Amino acid sequence: MKYFKSATIFLILFTILMGGDRIAIVTKVIGKVQYIRGNGSGQSLKKGHIIESGDILKTDKGGFAALLFIDDKTALKVKENSEIIIEGKRSAQAIAKEINLNGGTIRAQVNKQKKGDFIVRTSVSVASVKGTDFWLISNDAGDSLIGLEGMVEFSNLISGESIDITSGKSGISTSDGSVQTFKTDPKTIPEDPSDTDSGTQKLEIELKDATGKKKTLIIEYN
Amino acid sequence: MIPFLLSLTMVSGQARLLHHIPPPHGIIGEALTLTASSLEITDPLEATLYYRLPGSESYLEVQFIKTGFNWEATIPRFSLTEAGLEYVITFQFSRDRLNSFPEQDPFNEPHYLSAIPPKNQPTIGVFGDLPVADVLILSPDPGALVDQNSILIAASFFSANKVEPSSVQLFLDGVDVSSVMIFEDGILSYDPGSLPNGMHSIEIKMQDYDGEYIEPVNWSFTVGTERKSLSDIVRYNGRWNSRLSAENVSGTSLNIAEVMGNFNVDVQWANLKTDLRLTSRESPHAQPHNRFGASFVMGDILDIHLGDHYPRFSPFTIDGKRVRGMGLDANLKWVRLQYVSGDLNRAVHERGGVGGGYQLIHGLTSTNLNGSKTYYLDRTGFMFKRKVRGFKLSTELFSRIKASVNLMSVRDDTSSVNRTLNNAIFPSDSLVLGVTPGNYNYDEFNTLITAAGHKLDAPKSHWAGQKPQDNIVFGFNIGTIFDNRKLTLDFDWNMSLHNRDIWDGVMSIADLDTALDDSLDGYIGLQYDEDGNEITGVTKISTDQIFIDPERLKDLFIINTNMSPLVPIDLNAYESSPISSIINMPSSAFNIKLRGNYSRNSILVEYRQIGPEYVSLANPFLRNNTRQFTISDRVTLLDRKMFLNIGFKHLDNKILRTTVTPLNTNTFFMNLTFLMGPDMPTFVVNYQSIGKNNEKTRLDSVGSQTVDLREDSKAATSMMAVTMPFTSGDIKQNLTINMGSVANLDNLKNKRSVTYLFPKTDSKTSSISLSSTFPSQLKTVALISQTKLQIPSMSGGTLIKTPYTWTHVSLSANQKLLQDKMLARGTISLLNSKSQIKSQLLGFRAGTDYRIQENLSASIMGQIRFNYVSSYKKDKVDNDGDGKIDNASEVLDINSSGIILTLQYNF
Chain W
1 MKYFKSATIF
11 LILFTILMGG
21 DRIAIVTKVI
31 GKVQYIRGNG
41 SGQSLKKGHI
51 IESGDILKTD
61 KGGFAALLFI
71 DDKTALKVKE
81 NSEIIIEGKR
91 SAQAIAKEIN
101 LNGGTIRAQV
111 NKQKKGDFIV
121 RTSVSVASVK
131 GTDFWLISND
141 AGDSLIGLEG
151 MVEFSNLISG
161 ESIDITSGKS
171 GISTSDGSVQ
181 TFKTDPKTIP
191 EDPSDTDSGT
201 QKLEIELKDA
211 TGKKKTLIIE
221 YN
Chain V
1001 MIPFLLSLTM
1011 VSGQARLLHH
1021 IPPPHGIIGE
1031 ALTLTASSLE
1041 ITDPLEATLY
1051 YRLPGSESYL
1061 EVQFIKTGFN
1071 WEATIPRFSL
1081 TEAGLEYVIT
1091 FQFSRDRLNS
1101 FPEQDPFNEP
1111 HYLSAIPPKN
1121 QPTIGVFGDL
1131 PVADVLILSP
1141 DPGALVDQNS
1151 ILIAASFFSA
1161 NKVEPSSVQL
1171 FLDGVDVSSV
1181 MIFEDGILSY
1191 DPGSLPNGMH
1201 SIEIKMQDYD
1211 GEYIEPVNWS
1221 FTVGTERKSL
1231 SDIVRYNGRW
1241 NSRLSAENVS
1251 GTSLNIAEVM
1261 GNFNVDVQWA
1271 NLKTDLRLTS
1281 RESPHAQPHN
1291 RFGASFVMGD
1301 ILDIHLGDHY
1311 PRFSPFTIDG
1321 KRVRGMGLDA
1331 NLKWVRLQYV
1341 SGDLNRAVHE
1351 RGGVGGGYQL
1361 IHGLTSTNLN
1371 GSKTYYLDRT
1381 GFMFKRKVRG
1391 FKLSTELFSR
1401 IKASVNLMSV
1411 RDDTSSVNRT
1421 LNNAIFPSDS
1431 LVLGVTPGNY
1441 NYDEFNTLIT
1451 AAGHKLDAPK
1461 SHWAGQKPQD
1471 NIVFGFNIGT
1481 IFDNRKLTLD
1491 FDWNMSLHNR
1501 DIWDGVMSIA
1511 DLDTALDDSL
1521 DGYIGLQYDE
1531 DGNEITGVTK
1541 ISTDQIFIDP
1551 ERLKDLFIIN
1561 TNMSPLVPID
1571 LNAYESSPIS
1581 SIINMPSSAF
1591 NIKLRGNYSR
1601 NSILVEYRQI
1611 GPEYVSLANP
1621 FLRNNTRQFT
1631 ISDRVTLLDR
1641 KMFLNIGFKH
1651 LDNKILRTTV
1661 TPLNTNTFFM
1671 NLTFLMGPDM
1681 PTFVVNYQSI
1691 GKNNEKTRLD
1701 SVGSQTVDLR
1711 EDSKAATSMM
1721 AVTMPFTSGD
1731 IKQNLTINMG
1741 SVANLDNLKN
1751 KRSVTYLFPK
1761 TDSKTSSISL
1771 SSTFPSQLKT
1781 VALISQTKLQ
1791 IPSMSGGTLI
1801 KTPYTWTHVS
1811 LSANQKLLQD
1821 KMLARGTISL
1831 LNSKSQIKSQ
1841 LLGFRAGTDY
1851 RIQENLSASI
1861 MGQIRFNYVS
1871 SYKKDKVDND
1881 GDGKIDNASE
1891 VLDINSSGII
1901 LTLQYNF
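Going line by line, the protein sequences match chains W and V. Residue numbers for the first sequence follow my numbering, beginning at 1 and rising by one. Residue numbers for the second sequence follow my numbering, beginning at 1001 and rising by one.
Bound conformation, chain W alone:
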């Protein structure tokens, strides 16, 4: 029994040391997207890649990545020129998720959380939700949160102020500690690449010869 306990402890420690919990899977990648794990260098992110807690994702210009958390199918979409650290702590029931946005634009479609809130942090703000759909755009001037569904508690880390952002509303949190809310201008809502497929449009022309044999001419264009 003693050896069994020792082996178990060793295995647990080994697992902790060797890597984080596997918490999400990448379902779509457009353009150049890299991930960094531990002290390693950046590697190209591909569809089907499994995200471990602590992984860093970086998107270049034109890049896009979509991933799904494996406990509740919460979706996270990362637009171009963004950098995020994805963290999650697995328990038997759920994964407690936290995203650190170091700049850029993300969309979170958060399903109802079984354990804690879904948290997105930037250098100046914290967005905390149970279940909702929102965009968060972070840059040097501050953060902008656009509510699409449900409600997000949007807090400024400097002043401690917080506001609730609901559907159709936007919030701004700046480095001077202020937070304010206003009605969303539809023009400011970022385009979701996964809603418009890969951006490549297709024109399909079906041709049929005298014997009834069919051929399809496909023209792809941007």
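Because the hints were derived from the structure by calculation, they are not lab data. Bear in mind the structure is a predicted one, so any value in this text is a computation, not a measurement. The beta-carbon is built from N, C-alpha and C at its ideal position, and this holds for glycine as well. Some hints could be false.
[Claimed, not checked] Using 25 Å as the maximum straight-line C-alpha spacing, the simulated DSS-like pairs for lysine-lysine come out as follows:
1. Lys1732/V x Lys1641/V
2. Lys130/W x Lys114/W
3. Lys1654/V x Lys1714/V
4. Lys1486/V x Lys1402/V
5. Lys1874/V x Lys1884/V
6. Lys115/W x Lys1162/V
7. Lys73/W x Lys1162/V
8. Lys1749/V x Lys1696/V
9. Lys1387/V x Lys1467/V
10. Lys112/W x Lys1333/V
11. Lys89/W x Lys1162/V
12. Lys47/W x Lys1205/V
13. Lys73/W x Lys1205/V
14. Lys1162/V x Lys114/W
15. Lys1874/V x Lys1838/V
16. Lys1162/V x Lys112/W
17. Lys46/W x Lys61/W
18. Lys183/W x Lys130/W
[To be verified] Pulled from the structure, derived: some chain W residues nowhere near chain V, Cβ distances all over 12 Å:
19. Ser44
20. Asp117
21. Ile158
22. Ser159
We have chain W; now place chain V onto it with these hints.
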């Protein structure tokens, strides 16, 4: 599995037999074609396969189709479940003569057929659905439209902690891609690359840590670019099949043309399905052979059926009987309504054809005062339209308690049959005075008989044949699930009211008053002596106590003296033992069923009782006056490679205390199936022992003679089948050996007279089959089989057992040609029959299937069979009726020939 079906025929018309060798087993989820042969000269009028789940009360029917040598019927794939099935084959001949398999008491002791899982396929639990794992579909979303280059198949097993990771299999469009998928830490992913446009399906199969199968996860998605065309919203497909056969069997021509088709339209949120069968066998003189039906399905919420459909409420009401009309099934999760309205039978005015509508009944001829006669012309050969209406309302509460109530009414429509048939021909013989014997129609005969000074009585109702009936069944079901859904308990109770003759319609309360006595005194059953004083000790019921006016209920049920029960409960028995008398009401039926699913054991304990007066006209297979106790267990062993089904069943008819000599049937059954694995042998062993006794200890007297009606017998049925796949060079082969026997034992043999005929037939069957698949895509099946029967009969007061032996050898082959566009098929077979007459049948069968276009195919199949009877050459009889005795043509003749053409178009 190799279908292990034989075709045997014999030319002797002495034996009235049906030949069928059952297959060793069916395969779960796969259709099974059964083949049978009539061993008689004449073809049956109707050949029917009845099948059901083991222990069910009612059978589903499939008509056999003649295919030259044999009759074939296919059991649909959804009927082959882990529980196996029971089936009966009947060949019906003229004058209601019936040949059946099994031969003895077939509907009570049907043949049990086990079903084995398909290779590498999970099985569906006999006691309900498989356990479900909480697998989260990540990508693609079910029903999603996915870009061709963005496909990723992913699912999460984060919450599916019962799943054994190594058991997870992934199928894309039915192809196992498990070897290339990634399954790590509860995340399944697979990048299939670019897939062709169109719909694709995904299936994840898995097992738990005990090796038990878990409900597979299925979903589909579409690859393509979004096009807002109608074809994206509306999808349709269908099949059109026409079949033309011209056959001649023993001089009798049989030409059949059939068109079958189905058409399905899917508009995403709803689905319309239509089915059609038109056949030249359709006749106004019989129940319909044509089928047409349509069903409209809205998700899981609503099903509407129009035309021919097969509703199932419960075994005690309607359980798959065809109804032509409307059916509705609205399922709102916690409440479900099923409704049916239509016809079980249509009206038939002259069964069997023109000439079957009238019959002179000489026994009812009366002599008038003036000496003239009144002849009775009865209306015969008809069937009333039988209407059915019913509903079942079910609810399920908290996923634990299920309850339902049901009501079903079936009534014959007396107005549906023509009272007079002007063109119907009927024969008149010399017993009719003054009318020349011959065939006449009604008007001609009436004119002639009137001219002869006689009268004709042709009643407009109350005909001697079938009586119009009325039936109502009502009941409830309650059930519960407990112990983590492993144990289910169900209780069904139903009661019927049945009126055997509604010609006279409903009785009024005044009619009831005088039904049992002649006095209209406000009492039913009250009788008086000669002085008008009440006779004491007689049960009397005041008409004031009748709280239901029969006339008010006539739309629901016709109450008159022909109904049963007149009194639903035995009042005398009620006083002494009320609970027993309620349970044993003769017009009630109930069922208590306990099912458990524990540690690879599927256990069933069931008690079922159907009272002697219980009738459901919508379920003609229900056998009343029975009570049955069943206990069985199906065990899976050796990592689901071995299945053992073992059980005991007791059946008797001791419901009424008045039953003096009840018939007891004790059945012990055992079925063992051992599937060693892919490309490994399969073993099936079946054994069934049926003991019957009727508790009679003495002989009966009929007039001055004594008859022996005692029953104490045992029938042991055993079957063993081994299938061995192996490879010889590049040839894949399957060898199947099958042996079976039926042995009957009369336990009273030593106590009976030597002249007693124990009328049960012993039989032995054995067969070897070898199927081979060659690299050139040639497939062959070689078959050798032998059946031996010992048919008892009396000859000169002595019991003899006449042996019949049939030996059958056949070789079948098929070969794909022309780049798989053509499939050529052929069979040569020889049947040697050895009984009182020796004969041989040599048959050839050949044909081809040809794919004309991608969705259009045609096939042609011809067959000819020669009959050789050597003894005809020396018997000094003109056997072929050509006026010559013992000539060469008597020895060899064409027994049957035929050609079948089919054309199929899929769209």
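So, going through the hints one by one against the coordinates:
1. For the hint pairing Lys1732/V with Lys1641/V, the CA-to-CA distance comes to about 23 Å; that is within 25 Å, so the pair holds.
2. Between Lys130/W and Lys114/W, the direct Cα distance comes to roughly 8 Å. Compliance with the 25 Å bound is thereby established for this hinted pair.
3. Straight-line distance between C-alpha atoms of Lys1654/V and Lys1714/V comes to about 20 Å, which keeps the hinted pair within the 25 Å bound.
4. Of the supplied pair hints, the one linking Lys1486/V and Lys1402/V holds, its CA atoms being roughly 15 Å apart against a limit of 25 Å.
5. Pair hint Lys1874/V plus Lys1884/V holds up; C-alpha atoms about 12 Å apart against a cutoff of 25 Å.
6. A distance of roughly 21 Å separates the Cα atoms of Lys115/W and Lys1162/V; the hinted pair therefore holds under the 25 Å criterion.
7. Distance hint between Lys73/W and Lys1162/V is fulfilled; the C-alpha atoms sit about 20 Å from each other, no more than 25 Å.
8. For the hint pairing Lys1749/V with Lys1696/V, the CA-to-CA distance comes to about 14 Å; that is within 25 Å, so the pair holds.
9. Between Lys1387/V and Lys1467/V, the direct Cα distance comes to roughly 15 Å. Compliance with the 25 Å bound is thereby established for this hinted pair.
10. At most 25 Å may separate the alpha-carbon atoms for a hinted pair to count; Lys112/W and Lys1333/V meet this at roughly 24 Å.
11. As the CA atoms of Lys89/W and Lys1162/V are separated by approximately 21 Å, the hinted pair is consistent with the 25 Å bound.
12. Pair hint Lys47/W plus Lys1205/V holds up; C-alpha atoms about 23 Å apart against a cutoff of 25 Å.
13. With a CA separation close to 21 Å, the supplied pair Lys73/W and Lys1205/V stays within the 25 Å bound.
14. Between the alpha carbons of Lys1162/V and Lys114/W the distance comes to roughly 20 Å, so the proposed pair stays at or under 25 Å and holds.
15. About 13 Å separates the Cα atoms of Lys1874/V and Lys1838/V, which keeps this hinted pair within 25 Å; it holds.
16. Proximity of Lys1162/V to Lys112/W is assessed by CA-CA distance (about 23 Å); at most 25 Å being required, the pair is judged to hold.
17. The straight-line distance between the Cα atoms of Lys46/W and Lys61/W is roughly 17 Å, inside the 25 Å bound, and the hint therefore holds.
18. Taken as a hint, the Lys183/W and Lys130/W pair is honoured in the structure, with Cα atoms around 22 Å apart against an allowance of 25 Å.
19. The Cβ of Ser44/W lies farther than 12 Å from every Cβ of chain V, with a closest approach of about 15 Å, so its non-interface assignment holds.
20. Every beta carbon of chain V lies more than 12 Å from that of Asp117/W, the smallest distance being close to 19 Å; the non-interface claim holds.
21. Non-interface status of Ile158/W relative to chain V is upheld: no Cβ of that chain comes within 12 Å, the nearest being about 36 Å off.
22. For Ser159/W, the requirement that its beta carbon stay farther than 12 Å from each beta carbon of chain V is met, with the minimum near 38 Å.
Checked against the numbered hints listed earlier, the structure breaks none of them; every hint is satisfied.
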